[in-house]
Amino acid sequence: MIVHTPHPDLPPPSTSVGFIGWLRNNLFSSPINSLFTLAAMYLLYQLLPPFFNWAFFDANWIGDTKEACTNDGACWVFIRVRFNQFMFGFYPPSQYWRVISAFLLFGGLIAYLLIDGLPKKAWIAAFTILGYPVAAYVLFYGGFFGLPVVETYRWGGLMLTLILSTVGMFFALPAGIVLALGRQSVMPVARSLSIVFIELWRGVPLITVLFMSSVMLPLFIPENVRIDKLIRALIGISMFQSAYMAEVVRGGLQALPKGQNEAAEALGLSYWQSMYLIVLPQALKTVIPGIVNTFIELFKDTSLVMIIGLFDLLSIIQSSFTDAKWLGFSVEGYVFAGLVYWIFCFSMSQYSQHLERKLHTGHKR
Amino acid sequence: MTENATQQESTKHPIAIELKEMHKWYGDFHVLKNINLTIKRGERIIICGPSGCGKSTLIRCMNRLEVHQQGEIWVDGIELDDDLKHIEKIRRDIGMVFQQFNLFPHLTVLENCCLAPIWVLKKPKKEAEDTAMHYLERVKIPDQADKYPGQLSGGQQQRVAIARSLCMNPNIMLFDEPTSALDPEMIKEVLDVMVDLANEGMTMLCVTHEMGFAKSVADRVIFMDSGEIIEENDPESFFSNPQSDRTKLFLSQIL
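One line per chain: the protein sequences are A and B, in this order. The numbering used here puts the first residue of the first sequence at 1, with every later residue one more than the last. The numbering used here puts the first residue of the second sequence at 1, with every later residue one more than the last.
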């Protein structure tokens, strides 16, 4: 007869935990892995020091003209001198405060909504969706409360990029959800309309959409009706991205087990109740990476508006390269543009990962 | 008060479910053929048969998760047809428990139980929570109320699913192979809850292969094969003296 005595828990061997354990597991787990680690280290050694020398140690920071750039490194003076234009386009400098306060207000509202555990979020959300667009319109465009009108052709730079992408996201997500539900609908009319819309917009390049909205559309509408170029671009971008969003959301709807719908039906929930309470919360959660991916794409795709003559961040930086006083600084310009795009896209990606962790309720299937 | 209401209902409709010459097809495939079945209030029915015989489809037709194409289905005196009002009324009267539990993984146990009472029956939140806790106590897991389904064992999840259905105060309960996805150790805890429910007089239809459960609680056992009811009898006679050869073969293989 065997009598069982419980074995005590022992500490793991020192080579499998801590810093040494981490090195062994991640960098030197096999000969090939060790080889890659060493090769990568050599590559970094070759690339990083020259870059840091160019970008920081040998760079020129002080001055107002091209002549101030005497060192070998980057000439950041160019970016500093042009900074306001890169941010605001041709917006009148005396009115910059309007743009800044509109974005600060937006940032404050979003931050309030994203921080966990603050009270009265429903009201703040309602204001962000219903009230804020009006406030933003008044601040950006003016014409009320004695604010002078600033026509949209003067808008530009990062400000325009942010407006295009925010409005695009604001419309694309709800429209995408409706289209995805429509495509799965049992009603033939709703289904066909959704499929036609999605396939039409998804099959056309965004450049074509923007070009059509700017060049072809005015030919079809009466001459006395004038739709602002920015509005046309916004409609084009929103339509285009809702089609993409619809397919992302549909992926989430299909990943949901059929039993969830059946359980909701068996409990007596109506179609809209089960969509709102059961299906969408789960489907949207599974496609957070896809949704954020589409948002990031949208953010970067807004730079295509340059072909219809709108000066977003990238195109205003590019146009500054032709300034006779500042020839030859395109590298600095592109590095700066890249950095700004990266900061926004990386923040979105970080937030999406935070959201995934927060919404995870331990139901790996 | 609840019991009074149920009793009134039962005096109104002594027949809980009635199927008359019901047929169903999946495309060209004739899944259910000429089903005639009358279930009296308070009856406990076990449906068994080989897989693919249509037993799950049969009970899924009773709350319109599947649509029958021919014949009639009556539940508590209401005909189950295309009228959304009828479907809504019937789904409130019938609770259903699934093989895969189908709890809502993004909601806690308590929220799972309160959802339908709040949104369908329009109960105040407090009242719905009290009812939910009452039924969670009956299935012996009140302490798990704030956990998510993913944190519970299969047996616990299935008991939550039963409590969730009971929160709607149904007159009839349908069980679609409730123990087939469970480990042997957990089957008993779910069956115990079902036995309790049967002893309280709930009208139950249960698709199951648990023959011990069938023997102890069923009023009638129905055996199906290829979409037809082959044999129906009280459990005593069904197990000891099966009539058709198909039933004999089936019983010899599972017992």
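Because the hints were derived from the structure by calculation, they are not lab data. Where is the CB? At the ideal position from N, CA and C, for every residue including glycine. Treat the hints loosely; a few may be bogus.
[Said to hold, decoys possible] With a straight-line cut-off of 25 Å between C-alpha atoms, the simulated DSS-like cross-links for lysine-lysine are:
1. A:Lys120 x B:Lys122
2. A:Lys258 x B:Lys147
3. B:Lys89 x B:Lys140
4. B:Lys126 x B:Lys147
[To be verified] Residues from chain B shown here face chain A by an in silico Cβ test under 7 Å; the list is partial:
5. Gln69
6. Gly71
7. Ser153
Hint check results:
Annotation: proposed proximity of A:Lys120 to B:Lys122 holds, straight-line Cα distance about 24 Å (limit 25 Å). Using a Cα cut-off of 25 Å, the hinted pair A:Lys258 and B:Lys147 holds, with the two alpha carbons roughly 23 Å apart. Restraint check: the Cα-Cα separation between B:Lys89 and B:Lys140 comes to about 30 Å, which exceeds 25 Å; the hinted pair is violated. For the hint linking B:Lys126 to B:Lys147, the alpha-carbon distance of about 19 Å falls within 25 Å, and the restraint holds.
Interface hint at B:Gln69: violated, since its Cβ lies 16 Å from the closest Cβ of chain A, which is beyond the 7 Å cut-off. About 22 Å separates the beta-carbon of B:Gly71 from the nearest beta-carbon of chain A, more than 7 Å, and the hint is not met. This hint is violated: B:Ser153 has a C-beta 13 Å from the nearest C-beta of chain A, more than the 7 Å allowed.
Of the numbered hints given earlier, the model fails hints 3, 5, 6, 7; all others are met.
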